[in-house]
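Protein chains in written order, with this note's numbering: chain A, 1 to 112; chain B, 1 to 328.
Derived by calculation from the structure, the hints in this document are not laboratory data.
All C-beta atoms in this analysis are idealised placements derived from N, C-alpha and C, irrespective of residue type, glycine included.
Mixed in with the good hints, there may be bad ones.
To be verified - Chain A side only, calculated, beta carbon under 7 angstroms to chain B, not exhaustive:
#1 Ala-35
#2 Leu-39
#3 Thr-104
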Amino acid sequence: MSHPSAIQLIEAVQIFLKEAEAELDGRLGFHARVAGNALAIVARELAQQPDAAEAAALAPLGGASALCEALRAGQLSPDDPAVLGPVRAAVLARLAVDNPRYATFARLRDRG
Amino acid sequence: MLDPMRDGKAALQALIERGLAESVTVGDVAQLTGGASSATYRVEIEDGSGPRLLIFQRTAGDMNDSAPRSVQADVQARAGALGVPVARVIAKTLPSDDLGDGVVTELVEGEGLAPRWLRGEGYTAARAALTGQCAEALARLHSAPVSHWADLPLKGGSGAELLADMFGWYRRLGVDVPAFDLAFAWLKPRMPQTPASCLVHGDFRSGNILVGPEGLTAVLDWELTHLSVPAEDLAWLCVQAWRFGQWQLPVGGFGTRAALLEAYGGGVTAGELHIWEVYGNLKWGMSCLQLADDHVSGRVPSVERAAIGRRVSEVAADLTYLLTFGEL
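Work the whole structure out from these sequences, hints included.
Put into C-alpha cells, the structure is as follows:
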C-alpha cells in the first residue's frame, strides 16, 4: 500500500496545516485553520456525494433549478409541505458535508 | 494612498492634530484587523495630558454598498448625541490626506470578540444586562425621525423595496439555492410597503458591539447604516449566525425575543420581528454567496471567502427551519 488515496493525501495536508498553524500568527494562522476546515469539507464530500443526494431529494420537484424557477414564478408555494420536505432533505445532505456540527443541523434533522 | 504605519505616519499625525486642534506626537501604529480593502489600526499618541490610544479605520477602493466613512462618522456622532454608546469621532480624512476614506475615533474599553463575552465568567452580569441595554440603544437610535438624517446621502427604503433590491442581487449572482428562493417567495407578500421611518444601524449584532463587565460599552461598525424600520435592527440581532452556538438564546446568544421587545418599549410586534428575522437570515446568506462569488469569479481569490461560500448551507438550513417550524 505505497499509493496514498485521496483521503490519505488530504489527511497528510491537514497534519501539515496543523503544524504550520502553530508557527503562524494573526491572519496567516487564521487562514491555515480555515484551510484545514476546507479540507475537512473536501474529505466529507468525497465520502458522502452530496450532489447525488440533493438531486435525489429534489427530483420530485424537477431538480434545484426548476424548483427555484417555479418559486420565482409563484407556481409553487413556500408554505407547501410537499415543497418544504424535499428542500429539508436536500439542505441536510449539503450541511452534513459543509458543517455537521452546526446547531441547526441536528435540530432540522431530528424534529418531527 | 499612504500607509499609516510607514510613509503615512506624518499625514496621520496631521489628521489627528486637525481633529483635536492641538499638537500631538504619533507613536506606535499597529494594524488590528483587516486586509487590502479595509483596515483598523491602533494609534498611540502623546498630547498635553500624556499618552493615550486612538483608533483609525479606513477603506480603500470600496466594492460593497457601504456608506462612505465620512457619512458613517457623521451618523455615529449623531447617534452618540441621541444617547447611543459610541466611540467619539475625532477626525475624518480629506482626499488631500492621501490616507484613503478613513476616520479617527477614541478607543473605548470593552471586549469585541463575542465568544469571549458570551461564555466568559467575568461577563455574567454583562450578559444579564445586555438585552435591555441593546434594546435601549436601538430605541434611542430609532427615536429620531427620518428628517433628522435628511442631509446625509443614505440608502434604504420600505421593506418591500429592500427585498426587491436583495432579490436583484441574488439573480445577478446567477445561482439557484432552493432554500433562498423559498425565503424570497415567503417574504414577498409579507414585507411591509410602508416607507422607512427611521435610521437603522444595519449591522447591530454580537461581534459589532463592545462589552465590558457591566455590559454594552460601544456600538461599532456603522458602515451598513441605512433608512428602514425598527424591526430590521431588532431582528438582525436575532440572526442565527451571531448566536455563536448559544442557539437557545435567540437575541445574539444572550437573550430572549420577549425580553428584547419588552425592553424596546413597544411598537414592534413578535410577528413583525419574525418576518424581519427571515429577511435577516436571508441577508446573511446573501453575504456568504457574495463572498464566495468574489473567490469563484477570481475577483478576490481567498481561502477565507471560498470557505465562507460553504456557510450558505448553514443559512439554507436556518431558513428551511424557520419556514417549516415558524421559529428558529
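Hints, one by one, checked against the model:
At its closest, the beta carbon of A/Ala-35 sits 5 angstroms from a beta carbon of chain B; the interface hint therefore holds under the 7 angstroms criterion. A cut of 7 angstroms between beta carbons decides the hint on A/Leu-39: the least distance to chain B is about 10 angstroms, and the hint is violated. A hinted interface residue such as A/Thr-104 counts as satisfied when its beta carbon comes closer than 7 angstroms to some beta carbon of chain B; here the least separation is about 4 angstroms, so the hint holds.
Checked against the numbered hints above, the structure breaks only hint 2 and satisfies the rest.
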